[in-house]
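The lines below spell out each chain.
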Amino acid sequence: MSRSTRFDTKKVNSELVTLTYGTLVAQMVKDLDTAEDVNKQLERIGYNMGIRLIEDFLSRTGTGRCLDLKDTADKILSAFRLYLGVQPNVVNWSGAGDEFSLILESNPLTELVELPDELKQLKYCNMICGVIRGALEMVQLDVQSWIVQDQLKGDQNTEIRVKFIRRLEDAMPAGED
Amino acid sequence: MSLGGRNRGSILDKPLSRGKGEVSLNCFALLFSEVVQYCQNKSQTLPELQNRLHELGRRVGVKLIDLYFVRERNGKRETKLLSILLYVKTTFWKVLFGKEADKLEHSNDDENTYYLMEKEPIVNKFISVPRDKSSLNCAVFIAGIIEAVLTGTGFPAKVSAHWHKGTTYMIKFEESVVGRDNQMEDR
Numbered sequence: 001m002s003r004s005t006r007f008d009t010k011k012v013n014s015e016l017v018t019l020t021y022g023t024l025v026a027q028m029v030k031d032l033d034t035a036e037d038v039n040k041q042l043e044r045i046g047y048n049m050g051i052r053l054i055e056d057f058l059s060r061t062g063t064g065r066c067l068d069l070k071d072t073a074d075k076i077l078s079a080f081r082l083y084l085g086v087q088p089n090v091v092n093w094s095g096a097g098d099e100f101s102l103i104l105e106s107n108p109l110t111e112l113v114e115l116p117d118e119l120k121q122l123k124y125c126n127m128i129c130g131v132i133r134g135a136l137e138m139v140q141l142d143v144q145s146w147i148v149q150d151q152l153k154g155d156q157n158t159e160i161r162v163k164f165i166r167r168l169e170d171a172m173p174a175g176e177d
Numbered sequence: 001m002s003l004g005g006r007n008r009g010s011i012l013d014k015p016l017s018r019g020k021g022e023v024s025l026n027c028f029a030l031l032f033s034e035v036v037q038y039c040q041n042k043s044q045t046l047p048e049l050q051n052r053l054h055e056l057g058r059r060v061g062v063k064l065i066d067l068y069f070v071r072e073r074n075g076k077r078e079t080k081l082l083s084i085l086l087y088v089k090t091t092f093w094k095v096l097f098g099k100e101a102d103k104l105e106h107s108n109d110d111e112n113t114y115y116l117m118e119k120e121p122i123v124n125k126f127i128s129v130p131r132d133k134s135s136l137n138c139a140v141f142i143a144g145i146i147e148a149v150l151t152g153t154g155f156p157a158k159v160s161a162h163w164h165k166g167t168t169y170m171i172k173f174e175e176s177v178v179g180r181d182n183q184m185e186d187r
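Protein chains in written order, with this note's numbering: chain D, 1 to 177; chain S, 1 to 187.
Calculated from the structure, these hints are not laboratory results.
None of these values were measured; they are calculated from a predicted model.
Treat the hints with care, since some could be wrong.
Taking beta-carbon pairs under 8 Å as the criterion, some of the chain D residues facing chain S (in silico) [said to hold, decoys possible]:
| id | residue |
| --- | --- |
| 1 | V17 |
| 2 | D31 |
| 3 | R52 |
| 4 | D56 |
Chain S is nowhere near these chain D residues, computed Cβ spacing over 10 Å in every case [as the list claims (entries may be wrong)]:
| id | residue |
| --- | --- |
| 5 | T23 |
| 6 | M28 |
| 7 | V90 |
| 8 | S94 |
| 9 | G95 |
Now the stretches of chain S that chain D is said to cover, found in silico as 3 or more residues with beta-carbon under 8 Å [stated by the list, open to error]:
| id | region |
| --- | --- |
| 10 | 18-27 |
| 11 | 35-45 |
| 12 | 59-66 |
| 13 | 89-103 |
Glycine included, each C-beta is placed from N, C-alpha and C at the ideal position.
Make a model of the complete structure from these sequences and hints.
Printed below as a string of structure tokens:
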């Protein structure tokens, strides 16, 4: 367990992350034609991070398989706490129990950020959706994730919706059972 | 700027955060890795990639000037060359990276040049440079931050990152900066 305590001390100033992310978004807004393209690219970047972040999460927390989506939602919460230092709430479960919302009251990514009026289509935090999708895909869960409410657009909280699509089957390498 | 007609509180109405927030290093490392990849995809050559990272760093730096001077120094800026360099090495580095930079040296050959050294910048911690790109030092992003801070506080300089004793940032001030500083000393 000494390993995990050593790793837990590794933190960086959140403003460094905020501003680095911010300049990246700003650069994309310059490089790409539409806000929609930027949203896609941000999701993509999050996905790339998610598929790597999940390994760190599993090894750090030593967590096992989730029994149901409620379990998964709890794990996502602890990941938010671990990596972003914020504690979202899980609410608005759908009747079938295959969809839920994460409510963020504060979000280090959007500190110091203001969206200009002409970028109202921009989903600034779309990276987070990508991270969730990427990380869950690596544990055989195919999900969709999108932003419902956005503090940058005047909403009270930021709400991220996660919808379970299907379980991915383990693809075994040929020759192995 | 669209100040009028806004019914909700703008970002300027909010109190300035104390800046004590922390995020996991892994998050930053993965994010920075994506930043580098994004720049790489846009670049044909190695210098172009370095320039892009440098430019992004500069934009981060510009935003840090006021933030840190207001928060750490009550809005009081530095007027002397050595003070601003020490500010960067100590206060600034400590707030941004959690520790002071390792070493600050004045060049023997050129009075306009200073070296700031750091064994292991956090941006390089998880980066292994491919053999065919051995000259690439992604800390050029941090060099951009330093350049923006120095230039933006009235000490125009060019800052670059090199592989030497870990990473060395070479700070080359414009001649007028040192001239002005000498004049102030004389008085």
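Hints versus structure:
1. V17: With a minimum Cβ separation of about 5 Å from chain S (threshold 8 Å), the hint on D/V17 holds.
2. D31: OK, holds: D/D31 within 8 Å of chain S, min 7 Å.
3. R52: Status holds, d = 6 Å.
4. D56: Given a least distance of 5 Å, the restraint on D/D56 holds.
5. T23: At roughly 5 Å from the nearest Cβ of chain S, D/T23 sits no farther out than 10 Å, so the non-interface label is violated.
6. M28: violated, 8 Å
7. V90: Its Cβ never comes within 10 Å of chain S, the nearest being 21 Å, so this holds.
8. S94: With a cut-off of 10 Å, D/S94 remains clear of chain S, as the shortest Cβ separation is near 29 Å.
9. G95: At about 33 Å from chain S, D/G95 clears the 10 Å cut-off, so the statement holds.
10. 18-27: holds (count 8)
11. 35-45: holds (count 4)
12. 59-66: holds (count 4)
13. 89-103: This one holds; 4 residues, not fewer than the three required, reach chain D with a Cβ under 8 Å.
When each numbered hint is compared with the structure, violations occur for hints 5 and 6.
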